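Engineer: Given next are the chains, with one letter for each unit.
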Amino acid sequence: MRDAFVDSLCRAATADKRVMLLTGDLGFGVLDRFANEHPDQYLNVGVAEQNLTGVATGLALDGHIVFTYSIANFPTLRCLEQIRNDACYHNANVKVVAIGGGFSYGPLGMSHHATEDLAILRALPNMTVVAPGDDWEAACATTALLNTPGTCYLRLDRSSASATASVVERFEIGRARTVRNGSDVTLVSTGGILSDVIDAADLLAREQISCRVVSMHTVKPLDIETIREAAQETGGIVTVEEHGLNGGLGSAVAEVCMDFGWLPRMFLRLGLPPEFVSAVGSQAYLRKEHGLDGHSIARQTASALLAAVPAALQTDRRTAFGPARRRRLSRSY
Amino acid sequence: MTSLELAARIRRHVVEMTSKGRSSHVASGLSIADIVAVLYGGVLRVRPADPQWPERDRFILSKGHAGAAVYAALAEKGFFPVERLITHCQDGSHLSGHVSHKGVPGVEFSTGSLGHGLGVACGLGYSAKHRQAPFRIVVLMSDGECDEGSIWEAALFAGHHRLSNLVAIIDYNKIQSLTSVEETLALEPFADKWRAFGWYVSEVDGHDHQRLREVLTNQTLEAARPHCILAHTTKGKGVTFMERSVLWHYRSPQNEELTAALMELK
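Sequence order for the protein chains is W and U. Everything in the first sequence is counted per the numbering used here, starting at 9 for the first residue and increasing by one. Everything in the second sequence is counted per the numbering used here, starting at 3 for the first residue and increasing by one.
None of these hints come from the bench; they were simulated from the model. Predicted model only: the values in this text are computed from it and were never measured. You may find that some hints are simply not true.
Said to hold, decoys possible - Quick list of in silico lysine to any residue cross-link-like pairs, SDA-like style, CA-CA up to 20 angstroms: (1) W:25 <-> U:133; (2) W:25 <-> U:135; (3) U:104 <-> W:71; (4) U:268 <-> U:258; (5) U:131 <-> W:47; (6) U:131 <-> W:48.
Let's have the full structure, built from the sequences with the hints guiding it.
Structural biologist: Now the structure itself:
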């Protein structure tokens, strides 16, 4: 995703001299191409994230479109007030980019786990929040953010789903992508964990559970219509995020469902409990530990679907969730 | 209107605004009244009829709590009607206790949390320098504000990039929120700190209009460095019973206090 972002930004910087990339002294080997091709549009401000954001705001107020780049929580939480007061309040054209969403830097420990960023940044007024699910989305989001006025947050993941876009597809900020169609349940995710969600959909398909898979790459503004469709057209909604359960994607989707009265027959939020993770490991390991790998997502989805089926249907052998099917499903995961 | 007349009007407005609004920071506004009057009395290149004029000098009040003084200067210079000043901190007013640009022509940047102005000024300065734009960026900060780490991040940046279009004025009244600067976190040797960060430093009496004008307009100082002006000031300047008092960082002048203050500022 990181390379897709840099590729996209290099092209944008060639076409538009207002584009600038500011780093907080991170991006070894990754930003070289941009720095070499666009030396006048590149600036390493040093290990100083508050100043990174302040300087970016000043540049933006003088007409630039400024991307700030760092890893994990450094470009977001470390300088949250600069983002809020300087960038957002002034509607400055600052695009905050963090590489390392969720457990991307799993082995590096708690300081490098970006697991509250979506909740915190989506709470800010005048802020757009985007977490692409695959490289194509990351590249498209980079370009799209250039044309999105005001302050934005782009959360890039180390992992990425394999290509999910068709050649004719158009990417739009604020418009979720239905990666796969289905009717029994809708799996909604944000970020690179889309890969595990697709795995889960594959596993469930083997059990004749048809999953709609939605990549909700824009967490704010949320695509309300897609949530309505999921609630009304499918048998339930499962949200999946590599992020704490407090205030992230699941919360956002739940807010929409409650506010508009679109109550899904089943609703399940998958994410991280509000606890720090001190036992480290790879992104894949930590996902599994926290029930966010493909198998775990499938198992929890199946259980929730079963629990939501009315008792009458559960005892009726003719229905999809009759006793035989229930026995098989409960053994599957 | 001379800058001395403007300063006198700013002081009266600040006292009346903080009284009517029952708001804090009257002494902070009085502390910077002369600096703000010299700036808006001819030093800053601004156009009241065209607040967004692209070539205007950018002035950022980083100590946003003293915003009443800047609102007063802007109104007196014709950016908006003087009658609006008295709505300061009132229900529905846009003249907030900490300076805000929304709905207030002439305010360049909104602040209120300390340590924000200099970083943004660095971005403006870097941008202006690289596109050879003619304007200057002037930031007015407090001494207590220099406790913030972000000030020193920005100070490093400005020195490193030799932002000669940047002027940082420090309202050095030696009193901060709870007690003196000396007792809280000593800043001395203050001038040396800025020099060590790559700045050219001037020290002046922050109530001496002549000297302020000289250091703010002297283009021959040091062409290649940002300029820090340590303006030695008296907190609460102009109202004897408010001078050098922590109490008047917070207290709003009411009744006899208001009358006494306005009498002194006649």
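Engineer: A separate judgement is required for each hint: does it hold in the structure or not?
Structural biologist: We went through each hint and held it up to the structure:
| no. | hint | verdict |
| --- | --- | --- |
| 1 | W:25 <-> U:133 | holds (11 angstroms) |
| 2 | W:25 <-> U:135 | holds (16 angstroms) |
| 3 | U:104 <-> W:71 | holds (19 angstroms) |
| 4 | U:268 <-> U:258 | holds (15 angstroms) |
| 5 | U:131 <-> W:47 | holds (15 angstroms) |
| 6 | U:131 <-> W:48 | holds (12 angstroms) |
In terms of the numbered hints stated before, the structure departs from none.
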